[in-house]
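Q: The whole structure should be built from the sequences, with the hints applied where relevant.
Position 102, counted from 1, in the sequence shown is what the working numbering calls 195; the numbers after and before it change by one each time, with no gaps.
In short, the hints are calculated from the structure, not lab data.
Don't be surprised by glycine CBs; every beta carbon is placed ideally from N, CA and C.
One should not assume that every hint holds.
[Unchecked claim] Pairs of lysine-lysine, DSSO-like flavour, derived with a Cα cap of 27 angstroms: (1) LYS100 x LYS210; (2) LYS175 x LYS187; (3) LYS175 x LYS188; (4) LYS134 x LYS122; (5) LYS210 x LYS115; (6) LYS219 x LYS188; (7) LYS212 x LYS177; (8) LYS175 x LYS117; (9) LYS177 x LYS149; (10) LYS219 x LYS149; (11) LYS122 x LYS146; (12) LYS188 x LYS177; (13) LYS154 x LYS117; (14) LYS122 x LYS187; (15) LYS134 x LYS146; (16) LYS212 x LYS117; (17) LYS122 x LYS177; (18) LYS100 x LYS117.
[What the hints assert, rightly or not] Pair by pair, the computed Cβ-Cβ distance ranges are: (19) SER137 x MET208: 14 to 22 angstroms; (20) LYS134 x ASN197: 27 to 35 angstroms; (21) ARG207 x ASN133: 15 to 23 angstroms.
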Amino acid sequence: MKTLFSKLCIASDHAGYDYKEKIKDFLIKNSVSVIDLGPNKPDSVDYPDYAKKVAKRVLLKRSHIGILVCGSGTGMAMSANKFKGIRAAQCFTKKNTILSRQHNDANIICLGARMIKLKDALNFIKCFILRVSDLLMSIFDIFSKKFLSISLFKN
Numbered sequence: 094m095k096t097l098f099s100k101l102c103i104a105s106d107h108a109g110y111d112y113k114e115k116i117k118d119f120l121i122k123n124s125v126s127v128i129d130l131g132p133n134k135p136d137s138v139d140y141p142d143y144a145k146k147v148a149k150r151v152l153l154k155r156s157h158i159g160i161l162v163c164g165s166g167t168g169m170a171m172s173a174n175k176f177k178g179i180r181a182a183q184c185f186t187k188k189n190t191i192l193s194r195q196h197n198d199a200n201i202i203c204l205g206a207r208m209i210k211l212k213d214a215l216n217f218i219k220c221f222i223l224r225v226s227d228l229l230m231s232i233f234d235i236f237s238k239k240f241l242s243i244s245l246f247k248n
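A: Here it is as structure tokens:
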């Protein structure tokens with residue numbers, strides 16, 4: 094799978110652990126590089142600790158996109174959004190996933206393992222990592238028009 098992002102990271106709490114492992118396997122099978130920030134086993138953990146790990150990695154540009162999985166997706170999104178510069182979106186439909194990237198330039202997707210089917214979670218991740226935001230497209234449009242204008246200059 095060709096994505097716009099070469100560096101992704103993922104983390105979960107205990108409720109999202111199984112989905113995290115399956116999402117990670119899915120990405121690796123599709124030749125997408127992903128860094129697993131934990132947990133490493135399904136024991137009970139505090140989700141804010143893992144939201145913080147992903148948010149910091151994205152802010153430091155060590156990863157372009159983050160994936161967080163908990164029971165509902167809400168706690169992870171609320172925790173990650175405490176960090177200035179993070180735009181974490183709780184995604185529960187294909188449409189809201191697309192819009193989170195397209196209109197809001199979300200940089201972390203948050204999923205609820207108790208709320209959505211794994212098949213849907215994988216589909217939402219594909220939508221998220223393959224979607225260019227309108228913000229990036231408008232910047233591209235502005236610069237491409239300027240470059241075109243410059244190339245049309247004549248002596």
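Q: Hint by hint, note whether the structure agrees.
A: The hints, checked one at a time:
| no. | hint | verdict |
| --- | --- | --- |
| 1 | LYS100 x LYS210 | holds, 25 angstroms |
| 2 | LYS175 x LYS187 | holds, 25 angstroms |
| 3 | LYS175 x LYS188 | holds, 25 angstroms |
| 4 | LYS134 x LYS122 | holds, 21 angstroms |
| 5 | LYS210 x LYS115 | holds, 12 angstroms |
| 6 | LYS219 x LYS188 | holds, 12 angstroms |
| 7 | LYS212 x LYS177 | violated, 31 angstroms |
| 8 | LYS175 x LYS117 | holds, 25 angstroms |
| 9 | LYS177 x LYS149 | holds, 10 angstroms |
| 10 | LYS219 x LYS149 | holds, 23 angstroms |
| 11 | LYS122 x LYS146 | holds, 24 angstroms |
| 12 | LYS188 x LYS177 | holds, 25 angstroms |
| 13 | LYS154 x LYS117 | holds, 20 angstroms |
| 14 | LYS122 x LYS187 | holds, 22 angstroms |
| 15 | LYS134 x LYS146 | holds, 16 angstroms |
| 16 | LYS212 x LYS117 | holds, 13 angstroms |
| 17 | LYS122 x LYS177 | violated, 33 angstroms |
| 18 | LYS100 x LYS117 | holds, 13 angstroms |
| 19 | SER137 x MET208: 14 to 22 angstroms | holds, 19 angstroms |
| 20 | LYS134 x ASN197: 27 to 35 angstroms | holds, 33 angstroms |
| 21 | ARG207 x ASN133: 15 to 23 angstroms | holds, 21 angstroms |
Hint check: violations occur at hints 7, 17; the rest are consistent with the structure.
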